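*Asks:* Chains as they are written, first to last, in full-length UniProt numbering: chain A, 1 to 276; chain B, 1 to 276; chain C, 1 to 276; chain D, 1 to 276.
Accuracy of the hints is not assured; some may be wrong.
When chains are identical, the list treats them as one kind, so a pair holds in a single copy or across two.
[What the hints assert, rightly or not] In silico PhoX-like cross-links for lysine-lysine, where the CA-CA straight-line distance does not exceed 25 Å: (1) Lys271 - Lys198; (2) Lys140 - Lys73; (3) Lys258 - Lys73; (4) Lys140 - Lys271; (5) Lys77 - Lys255; (6) Lys77 - Lys258; (7) Lys198 - Lys246; (8) Lys246 - Lys88; (9) Lys73 - Lys198; (10) Lys80 - Lys271; (11) Lys271 - Lys88; (12) Lys258 - Lys198; (13) Lys73 - Lys246; (14) Lys258 - Lys140; (15) Lys271 - Lys258; (16) Lys80 - Lys140; (17) Lys88 - Lys73; (18) Lys88 - Lys255; (19) Lys80 - Lys255; (20) Lys81 - Lys198; (21) Lys140 - Lys77; (22) Lys88 - Lys258; (23) Lys258 - Lys246; (24) Lys140 - Lys255.
By construction, these hints were calculated from the structure, which means they are not laboratory data. Quick caveat: nothing in here was measured; it's all calculated off a predicted structure.
4 protein chains.
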Amino acid sequence: MIIVIQCRDQVGLVASISALMARHHYNIVSLGEHVDVAENLFFMRLEVDGNAADTQTLEQELCDILPPQALVKINPKPDKKIVVLVTKEYHCLADILVRNYFGTLGASVQCVIGNHAVLADVCRRFDVPFHHISYEGQTKQQAEGQITSLVQQSNPDYVVLAKFMRILSPAFNSLFPMRIINIHHSFLPAFVGASPYKQAFERGVKLIGATAHFVSNELDEGPIIAQQIIPVNHGYTAADMVTAGKEVETSVLAKALKLVFDDRVFVYNNKTVVIE
Amino acid sequence: MIIVIQCRDQVGLVASISALMARHHYNIVSLGEHVDVAENLFFMRLEVDGNAADTQTLEQELCDILPPQALVKINPKPDKKIVVLVTKEYHCLADILVRNYFGTLGASVQCVIGNHAVLADVCRRFDVPFHHISYEGQTKQQAEGQITSLVQQSNPDYVVLAKFMRILSPAFNSLFPMRIINIHHSFLPAFVGASPYKQAFERGVKLIGATAHFVSNELDEGPIIAQQIIPVNHGYTAADMVTAGKEVETSVLAKALKLVFDDRVFVYNNKTVVIE
Amino acid sequence: MIIVIQCRDQVGLVASISALMARHHYNIVSLGEHVDVAENLFFMRLEVDGNAADTQTLEQELCDILPPQALVKINPKPDKKIVVLVTKEYHCLADILVRNYFGTLGASVQCVIGNHAVLADVCRRFDVPFHHISYEGQTKQQAEGQITSLVQQSNPDYVVLAKFMRILSPAFNSLFPMRIINIHHSFLPAFVGASPYKQAFERGVKLIGATAHFVSNELDEGPIIAQQIIPVNHGYTAADMVTAGKEVETSVLAKALKLVFDDRVFVYNNKTVVIE
Amino acid sequence: MIIVIQCRDQVGLVASISALMARHHYNIVSLGEHVDVAENLFFMRLEVDGNAADTQTLEQELCDILPPQALVKINPKPDKKIVVLVTKEYHCLADILVRNYFGTLGASVQCVIGNHAVLADVCRRFDVPFHHISYEGQTKQQAEGQITSLVQQSNPDYVVLAKFMRILSPAFNSLFPMRIINIHHSFLPAFVGASPYKQAFERGVKLIGATAHFVSNELDEGPIIAQQIIPVNHGYTAADMVTAGKEVETSVLAKALKLVFDDRVFVYNNKTVVIE
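Only chain A is shown next, with the shape it has when bound in the complex (with noise of 0.2 Å):
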C-alpha cells in the first residue's frame, strides 16, 4: 500500500505517521520523506507491506494527527486513467501505447485525442480508440470545446500532451489542476516559444535536451517532473537535432509518467518534489 501526505511540517510528524503504522502492524518497506524548511512543508511517500482494508478510514486517522489542511492519498487508483493528446509526431504515442498494450505503463489509456488524422491508425492497430478534432474550419475555442468533451467523457486521472502542439487555454488547464503532463523540445526555460531547435542549432549548442512538466497557465513555465539531455556537435544539422531530440524526448516522457503514476510526484509553489 502506498501512503502519499503533504502538509504543514511540526515536531513529531513522521513519529505520529509512523507509530499509527505500528499501530495497525504495517512495516514500512520503503520510506521517503522530504521537509522543505524555509516554506515549512512536509512531503511524504510511504511504502507499506499490508492493504487497508478500509482506506477511508485510515485516511481519516491520518488528518486527525496531522496539522490541518493535509493532504492525503491512500494507493491512489493503482490503475491510473489517462487520455493522450497529439499532433502528428509519433515518437512519444508510440511508446505510450507499446507499454500500454504489454501492461507496463501504470495506467491505462482510456482514448487518443489527434488535431490531426495521420496517428489513428497506429492507435487503431493497438485496438485504442482514436479521436480526430481538428482546429481546420472552426474556431479554437470550438475545437478545444469538442476535445474537452471528449476528455470529460473518460473522466481521466491526467492528461498527456505526447507533443500535442496546440495552445490549450486556461479555462481547459483549469480543469485538470496539475493533473496535465506535457513533454516540451528542448530545455525550459531556455529558448522559450517557437522554432526551439532552430534557436539551438543557431547557437551552436553542444546538448539539446527535453522536459517534462505539469502544464500551468503560463506557456512551457510549470512545475518540472523531469529532464534529461544528450550530446550533440556540429555535424547535426537542425533536423538531425530534432531527430535526436525525439528520442531524449520520448526517454523522459516516459520517466516522467512512471513517477507520476507511481504516485513519487509532488507538486506546490510551481516546482515539484520528487520521491525517487
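Position chains B, C and D against the provided structure of chain A, taking the given hints into account.
*Replies:* For chains B, C and D alone, coordinates are given in the frame of chain A:
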C-alpha cells in the same frame, strides 16, 4: 546533528526513533531510510536541527529503543582525519589536497605516504607531511610495516588509496575494516587485474569507468561506493583511454569521499547503502 | 551517396580518393576517416552530394587506386533487410516494429522469429510475419535448422537478436559473419554468463548498462558497437534492475542499429570503428 | 604536426590538401573535416606524422591551393601562453594550476589576475605570479586599464576567465577576439544574468549545467565550446546547487581548454566546430 543507525528491522522503528527526536524537540530536517527486506536490515540517516549537549546519553536512549546489536553514530567526528597513500599519479591526490587546503574536503589530511617520491613536492607546497616509504631494498612486509606504523600514528578515520599501486596485505586491511577507500581504474568487476585499459582498448569498448570502493581482502572486490563512466571511441589509443580514465577517477573518488565523510554510506554483506 | 572504404593504409590515400571524387564533380559533404597506426589500416566513410549512375564502375575505379584487397561499398542497399529473433521480452522488438512501421528504422523487417509465441500478436498488429519455432519437442539442432531456413528465405542484410535467449551455433553464426547484432544485458565483459542482474545486485553496483555487439563465436565477446549505462542505487531490487536495464537495452540497440544501417560501423580484429 | 584550415568550400579541397601532404611524404594520422553546406564553409584539422622544417613555406603552399582568404595554422605554438582572471572562487583556478604544475594543461600560465586577493596564496604555492587589481577605489575603466596592461605584458594566446565576476568592456574583448574563454554557471542561454542558481532552484530544475564559451560583446552569448550537466533534485538547496555546479564548471572548463589548446575548435558565425 547527523544520526546514523543500522540494525535489525522491526515494526515501529521509525516511529520510536522519531518520537525520541520529538521528545527532545529536534525537528527532523532530512530523513533517509532503507530496509533490506530479504535481509531484514534497517538503515537510517537522520539530520535534525539541533545538537545534543550529551551525545552519549542520546546514543544510549537510541540503543534502548532499538533491537540488540544496533549500530548508532551521532554526528561522528565532523572533521574526519584521513591518511592518503599514493604512488606516482597526481590526479586524485592533487584534487584531495586542493579541497583540503580550501576546507571543502569534509576531512583533514594528516599526511600522505608514497612508495615513490615524485608527489612529495606537491604535498610540501600545501604544507601536508609526505613520507616516502620505498618498497625497493626491503621486503614487502617491511615496507608495509613502516606504512602501518605511520598510518597508525595519525590515528585516521579513513585511509584513502589515491592510486596506490601496491597491494596491501590482509593484515593491514584488517586494521581498518571498511575504512580504507580505493579508486579502481575501469569497471568493477570487469577487466579485473592488470592492464585493464589495455584490455578495454583491445576490446574496443565505447565506455570507460571508475569505481570507488571500500577495500576488503579480495582484490578489487570490496563494497562499491560510487561509479561513473565516460564515453570513448575508436579514436582513443590505450594512452588516451588512460588520460580520459584519470578524469573519471578523480571525479568518482571525490564524490565517494564526500558521501563517506558526510556519513551517507552504510556497509553490509559486501555492498553499500548510500543515502543521498 | 555514401562510400565506405576499408584497406591497408598508405601515404596519399585521401588524396587519391578525393581526387577521384573531384574528377566526377562529387562535392564531399562529410568525410570521416580513421587510421589504426599500429595495424596499418585505413577506414573511410564518405558522403558526397551526387549519385553514381553506375556504381560498379565507380567501385572499380576506387579499387584501382587503393591497395590490394580493399573493401569498397557504395551506398550499399539504402533499404536494408533484416530478420529479428526474439524470445519473450517485448521491449526491443516493439521499438523496432514501431520504427519499421513509421519508416524511420533505416531497414525493413522481413519477419520475426520467436522461440516462444507471446510476441506473435504485436507482430500481427504491425502486419509483420511472425514464425514460432519452439525448441520444445525437438533437438536444438532441429530448431536451429528451421530458424536458419526461415532466415535464409528472407535473404537479410542483418539478423537482429532482440533479446533472443538461445545460443546460436557457430554454424549459424558463420552464415552471417559480422551481420548478426545482439543486445546484451549488463556490461560486457563484466558479469559474463547467466544471471548478470543478480550478480550486479549482489555486488551493489551503482551503474547498470547494456552493450550492442556483433556476434562472434565466443559468447558475448564479439565487436562492440554501442554501450550505455544508467545509474542505479541500493533501493533497486534485482527486479528493478531488470526493469531499468530494459530501458537502456532498448535505447542502445536502437542506437547501434541506426549506426549500422547508416553504414557507420567498420569491423576488424574483434573491434569496431564507428564513424559518427 | 597539426594543420588547421578554415576556408570557403569548393570541390576537390581534400584532394588538393592531401595530395600536398603526400608530396611531402607526410602520412595523415588523423583527419577531421567539416563542411557547413548552407554557409559553404570548409573546416579541417589534420594530424600528420612529420614536422615541416619550414612551416612558412608549407603554409604558403597550402594557401596557394586554397580559395582566397583561407585561414591556415600549422602546429601553432605547441606551448600556448595563457593569463587567468579570477575573483574569489577557487575551483576552476586550482584545477588549472594543478595541470599547469604537472605539465598536462597544454599551455603555460603566465600569471593570474584577481580583483580580490584571496586566491593569491594558492598561486604563490605554485610559483605563479598573482596580481591583485581591485575595482574598489578606482573607476571600472581604471581597473580594466590596469588589467589590460598586465595581460598585454604576458602576450598570451588566450585569456581564461576562471570565474571572473566582473564584466569586461567591449574594448578589452576586442583586443583578444575569440581568444577569451569564459565558464558560465548554469545553462546558456537559460537563466541569463544574475543569480541563475537561485532562478534554477525556484524553478525546481532537475539538471544544472555549465557552458564554456568564447567571449563576444553580448553578455554570455559567445560561441559555445563545451557544455555539461549534472542531475539535481528537490533535496538540493540553492547553496547545494552552487556546490554541485562548481564540480561541473571545473570539469567543463578543463575539457574546453584541452580542446582549444589542442587546436580542435574553429569559430564562425557565433558558433563553433569542434573536431574531436
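*Asks:* Each of the hints needs a verdict: does it hold here or not?
*Replies:* For each hint, the structure was consulted:
Taking the closest pair of Cα atoms, lysine 271 and lysine 198 come within 25 Å of each other only across two copies (13 Å); inside a single copy the shortest separation is 28 Å, beyond that limit. For a Cα distance limit of 25 Å, the shortest separation of lysine 140 from lysine 73 qualifies neither inside one copy, at 36 Å, nor across copies, at 53 Å. When the C-alpha separation of lysine 258 and lysine 73 is checked against a cutoff of 25 Å, the pair qualifies only within one copy, where the shortest distance is 18 Å, while the shortest distance between copies is 36 Å. With identical chains, the CA atoms of lysine 140 and lysine 271 are never at most 25 Å apart, being 30 Å at best within one copy and 39 Å at best between copies.
In this homomeric assembly, lysine 77 and lysine 255 come within 25 Å of each other (Cα to Cα) only inside a single copy, at 19 Å, whereas the closest approach across copies is 36 Å. Only within a single protomer do lysine 77 and lysine 258 lie at most 25 Å apart by alpha-carbon distance; the minimum there is 14 Å, versus 39 Å between protomers. Taking the shortest alpha-carbon separations for lysine 198 and lysine 246, only the intra-copy value of 15 Å comes in at or below 25 Å, while the best inter-copy value is 30 Å. Proximity of lysine 246 to lysine 88 under the C-alpha cut-off of 25 Å is restricted to the intra-copy arrangement: shortest distance 13 Å within a copy versus 27 Å between copies.
In this assembly of identical chains, the alpha carbons of lysine 73 and lysine 198 never lie at most 25 Å apart, being 43 Å within a copy and 31 Å across copies at closest. In this assembly of identical chains, lysine 80 and lysine 271 lie within 25 Å of each other by CA distance solely inside one copy; the values are 22 Å within and 36 Å between copies. Taking the shortest alpha-carbon separations for lysine 271 and lysine 88, neither the intra-copy value of 30 Å nor the inter-copy value of 32 Å comes in at or below 25 Å. When the C-alpha separation of lysine 258 and lysine 198 is checked against a cutoff of 25 Å, the pair qualifies only between copies, where the shortest distance is 23 Å, while the shortest distance within a copy is 30 Å.
Taking the shortest alpha-carbon separations for lysine 73 and lysine 246, neither the intra-copy value of 34 Å nor the inter-copy value of 30 Å comes in at or below 25 Å. Taking CA atoms no more than 25 Å apart as the test, lysine 258 paired with lysine 140 passes in neither setting, with 32 Å inside one copy and 40 Å between copies. In the homo-oligomer, the alpha carbons of lysine 271 and lysine 258 lie at most 25 Å apart inside one protomer (18 Å), although the nearest pairing across protomers, at 27 Å, exceeds that limit. For the homomeric pair lysine 80 and lysine 140, neither the shortest alpha-carbon distance inside one copy (29 Å) nor that between copies (44 Å) is at most 25 Å.
Taking CA atoms no more than 25 Å apart as the test, lysine 88 paired with lysine 73 passes in neither setting, with 36 Å inside one copy and 36 Å between copies. Proximity of lysine 88 to lysine 255 under the C-alpha cut-off of 25 Å is found in both arrangements, the shortest distances being 22 Å within a copy and 23 Å between copies. Taking CA atoms no more than 25 Å apart as the test, lysine 80 paired with lysine 255 passes inside one copy only; the shortest distance there is 16 Å, against 32 Å between copies. For the homomeric pair lysine 81 and lysine 198, neither the shortest alpha-carbon distance inside one copy (36 Å) nor that between copies (34 Å) is at most 25 Å.
For the homomeric pair lysine 140 and lysine 77, neither the shortest alpha-carbon distance inside one copy (33 Å) nor that between copies (46 Å) is at most 25 Å. Taking the closest pair of Cα atoms, lysine 88 and lysine 258 come within 25 Å of each other both inside a single copy (23 Å) and across two copies (22 Å). Both within a single protomer and between protomers do lysine 258 and lysine 246 lie at most 25 Å apart by alpha-carbon distance, with minima of 18 Å and 14 Å respectively. Taking the shortest Cα distances, lysine 140 and lysine 255 never come within 25 Å of each other, neither inside one copy (31 Å) nor across copies (39 Å).
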